[in-house]
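A.B. asks: Line by line, the protein sequences give chains A and B.
Residue numbering for the first sequence follows numbering that gives the first Met the number 0, starting at 0 and increasing by one per position.
Residue numbering for the second sequence follows numbering that gives the first Met the number 0, starting at 0 and increasing by one per position.
Misleading hints may appear alongside valid ones.
Result set (DSSO-like, lysine-lysine): computed pairs, CA atoms no more than 27 Å apart in a straight line [as the list claims (entries may be wrong)]:
1. A:K40 x A:K171
2. B:K3 x A:K119
3. A:K155 x B:K99
4. A:K119 x A:K82
5. B:K173 x B:K252
6. A:K47 x B:K99
7. A:K123 x B:K96
Since the hints were derived computationally from the structure, they do not count as laboratory data.
None of the values given here were measured: they were computed from a predicted structure.
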Amino acid sequence: MENKITIEKLREFLEQEQNSGKTLFSYQSRLNQNNSLIDSKLKIGSNKYKEIILEEETGLELGGMNRKSFSIIFPIKDSQLIKHGKITLLGKEVNKITEPTIDFGMMLLIGINNATEKEKDELKRLNFISNGIEGFSIRTIPRRFWCRISKSALQKGFSFEFLGNAIIYLYKRKFKGLVKSVEVIFINSYPSSIEQFIVLSSDIFSKVKEKWKTKIDEWRKRIDCDYDWGCEICPYREECYGVKQVLVSREEI
Amino acid sequence: MELKKTPLIIAIAGKGGVGKTIITTLIAKAISTSYKFKLLLIDADPTHPHLSKMVQLVPEKSLEKIRSELIDKSISKEADIQTIAETIDFEVYSAIKESKGFSLFSIGQPEGPGCFCPSNALLRKVIESISNDFDVVLIDCEAGLEQINRMVIRSVDIILIVSDISLRSIETAKSISESAKKFTQYRKIGVIVNRVKGDINIILDKLKEYDLPLFALIPEDELITKFDLEGRALIKIPEDSVSFQKITDNIEKLLEI
Numbered sequence: 000m001e002n003k004i005t006i007e008k009l010r011e012f013l014e015q016e017q018n019s020g021k022t023l024f025s026y027q028s029r030l031n032q033n034n035s036l037i038d039s040k041l042k043i044g045s046n047k048y049k050e051i052i053l054e055e056e057t058g059l060e061l062g063g064m065n066r067k068s069f070s071i072i073f074p075i076k077d078s079q080l081i082k083h084g085k086i087t088l089l090g091k092e093v094n095k096i097t098e099p100t101i102d103f104g105m106m107l108l109i110g111i112n113n114a115t116e117k118e119k120d121e122l123k124r125l126n127f128i129s130n131g132i133e134g135f136s137i138r139t140i141p142r143r144f145w146c147r148i149s150k151s152a153l154q155k156g157f158s159f160e161f162l163g164n165a166i167i168y169l170y171k172r173k174f175k176g177l178v179k180s181v182e183v184i185f186i187n188s189y190p191s192s193i194e195q196f197i198v199l200s201s202d203i204f205s206k207v208k209e210k211w212k213t214k215i216d217e218w219r220k221r222i223d224c225d226y227d228w229g230c231e232i233c234p235y236r237e238e239c240y241g242v243k244q245v246l247v248s249r250e251e252i
Numbered sequence: 000m001e002l003k004k005t006p007l008i009i010a011i012a013g014k015g016g017v018g019k020t021i022i023t024t025l026i027a028k029a030i031s032t033s034y035k036f037k038l039l040l041i042d043a044d045p046t047h048p049h050l051s052k053m054v055q056l057v058p059e060k061s062l063e064k065i066r067s068e069l070i071d072k073s074i075s076k077e078a079d080i081q082t083i084a085e086t087i088d089f090e091v092y093s094a095i096k097e098s099k100g101f102s103l104f105s106i107g108q109p110e111g112p113g114c115f116c117p118s119n120a121l122l123r124k125v126i127e128s129i130s131n132d133f134d135v136v137l138i139d140c141e142a143g144l145e146q147i148n149r150m151v152i153r154s155v156d157i158i159l160i161v162s163d164i165s166l167r168s169i170e171t172a173k174s175i176s177e178s179a180k181k182f183t184q185y186r187k188i189g190v191i192v193n194r195v196k197g198d199i200n201i202i203l204d205k206l207k208e209y210d211l212p213l214f215a216l217i218p219e220d221e222l223i224t225k226f227d228l229e230g231r232a233l234i235k236i237p238e239d240s241v242s243f244q245k246i247t248d249n250i251e252k253l254l255e256i
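Please build the complete structure, drawing on both the sequences and the hints.
C.D. replies: Right, here's the structure in full:
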């Protein structure tokens with residue numbers, strides 16, 4: 000029930016943004032019977048595209064250090080909540096983007112059969128996406144998004160429609176039997192929309208935080224200390240306290 | 000060819016001067032030449048950070064620099080905690096120098112006093128996260144493994160101890176192995192004997208006596224000496240070099256393909 004409310008809120012938000020004049024594209028996945036992509040000059044293949052895209056080869060960078068970004072992978076058992084194959088883009092298509100880097104957020108709604116915690120964690124690791132798309136490379140940053148699209152991929156017509164299709168194809172291929180449906184949402188170019196989307200989807204994060212709270216508390220106790228926790232004699236007490244706060248904050252992101 | 004598990008994390012340790020960094024460089028060359036694996040090199044030797052020169056990739060920032068800045072920011076409240084927590088992964092990733100064959104990250108030398116414990120824990124978690132983007136991680140350690148346990152990564156898959164044909168280096172290999180059993184999580188451990196020439200039966204007997212598995216014997220290679228004396232990056236060594244060929248012959252065993 001909670002998942003249904005969260006997803007409905009997110010869909011309503013996208014509709015409101017569109018109604019306020021922001022550009023919204025809606026695509027349907029174009030996979031054929033063999034789950035292969037129709038009409039693409041760019042190639043997709045499991046583990047076939049592990050190239051490093053160097054800075055000088057980059058045509059477009061999504062997210063990154065000085066950009067707003069998010070990456071939310073949301074496995075859901077109730078696959079009826081998911082519009083399988085739907086790709087929504089709030090923002091500009093690649094061919095309309097002139098900047099070298101843009102704010103970017105991605106949410107994947109993934110309908111699953113019964114999955115173990117380990118399998119759910121595996122669904123959230125995106126390196127198979129990075130390794131499976133020609134001219135596209137993701138750098139894993141928890142909860143954020145940072146990727147490079149090569150100049151040659153742009154010349155071959157890389158688009159967010161293609162990216163959404165590729166993601167759906169790769170998930171279905173890698174997690175056969177586990178993944179029943181995939182819906183993709185991208186947001187770019189509107190930093191305020193990205194911020195609002197993160198706030199709206201915070202219910203998803205709070206469930207994850209709750210799950211990890213005990214683990215974080217246990218783990219806090221286990222940080223090594225050269226002074227055997229003799230804080231009263233430790234000359235680095237202030238630094239220690241400051242960094243520990245950062246450490247815990249990162250775990251909670 | 001696929002690896003059984005990724006990332007495959009290999010730590011290379013051994014007595015100072017036996018050729019750890021040379022072996023790391025040759026393994027990096029073998030992997031990047033023959034396989035399409037994403038390879039991360041970590042130069043974890045703070046006192047002799049030679050790896051970057053041998054592979055011709057010099058990062059702009061070291062982990063120690065990032066750690067020092069992190070401590071300063073945390074104390075000075077220059078940025079709020081949440082912002083620091085959100086950007087630390089980006090900063091560490093930006094410190095990685097990339098090339099088409101592999102990427103390199105340097106630990107660097109300590110920048111000054113300061114509490115290391117939570118900052119080590121934080122940076123270790125970031126490095127573990129980043130390592131998941133790679134297929135193979137090669138860590139060029141200082142003599143033992145203490146540095147990497149504290150700062151880099153808690154567990155590795157394979158520990159490669161490099162030795163030359165001296166009993167002192169075999170004794171050091173034994174100490175490293177014993178220390179690893181107590182303090183490091185690993186799956187496999189073994190020795191590469193470097194600069195082999197003449198009769199080394201005594202060395203091989205010692206390895207058996209100390210129950211140290213042998214991964215490979217790498218012959219003395221004049222080409223390596225030549226490259227060193229001429230100040231040339233070892234990564235450019237020709238593929239017909241005897242030491243490189245030996246590494247290549249053993250690479251599939253090493254990578255468990």
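A.B. asks: For each hint, tell me whether it holds in the structure or not.
C.D. replies: Do the hints match the structure? See the list:
Between the alpha carbons of K40 (chain A) and K171 (chain A) the distance comes to roughly 21 Å, so the proposed pair stays at or under 27 Å and holds. Only pairs whose Cα atoms come within 27 Å are accepted, and K3 (chain B) paired with K119 (chain A) is accepted, the gap being roughly 20 Å. For a cut-off of 27 Å, the pair hint linking K155 (chain A) to K99 (chain B) stands: about 21 Å separates their Cα positions. Between K119 (chain A) and K82 (chain A) the alpha-carbon distance is near 20 Å, which keeps this suggested pair within the 27 Å criterion.
Note on K173 (chain B) and K252 (chain B): the hinted pairing holds, with a Cα-Cα distance of about 22 Å set against a maximum of 27 Å. With a C-alpha separation of about 15 Å, the suggested pairing of K47 (chain A) with K99 (chain B) holds against the 27 Å cut-off. This hinted pair checks out: K123 (chain A) and K96 (chain B) have alpha carbons roughly 26 Å apart, not beyond 27 Å.
Violated hints are absent here; each numbered hint is respected by the structure.
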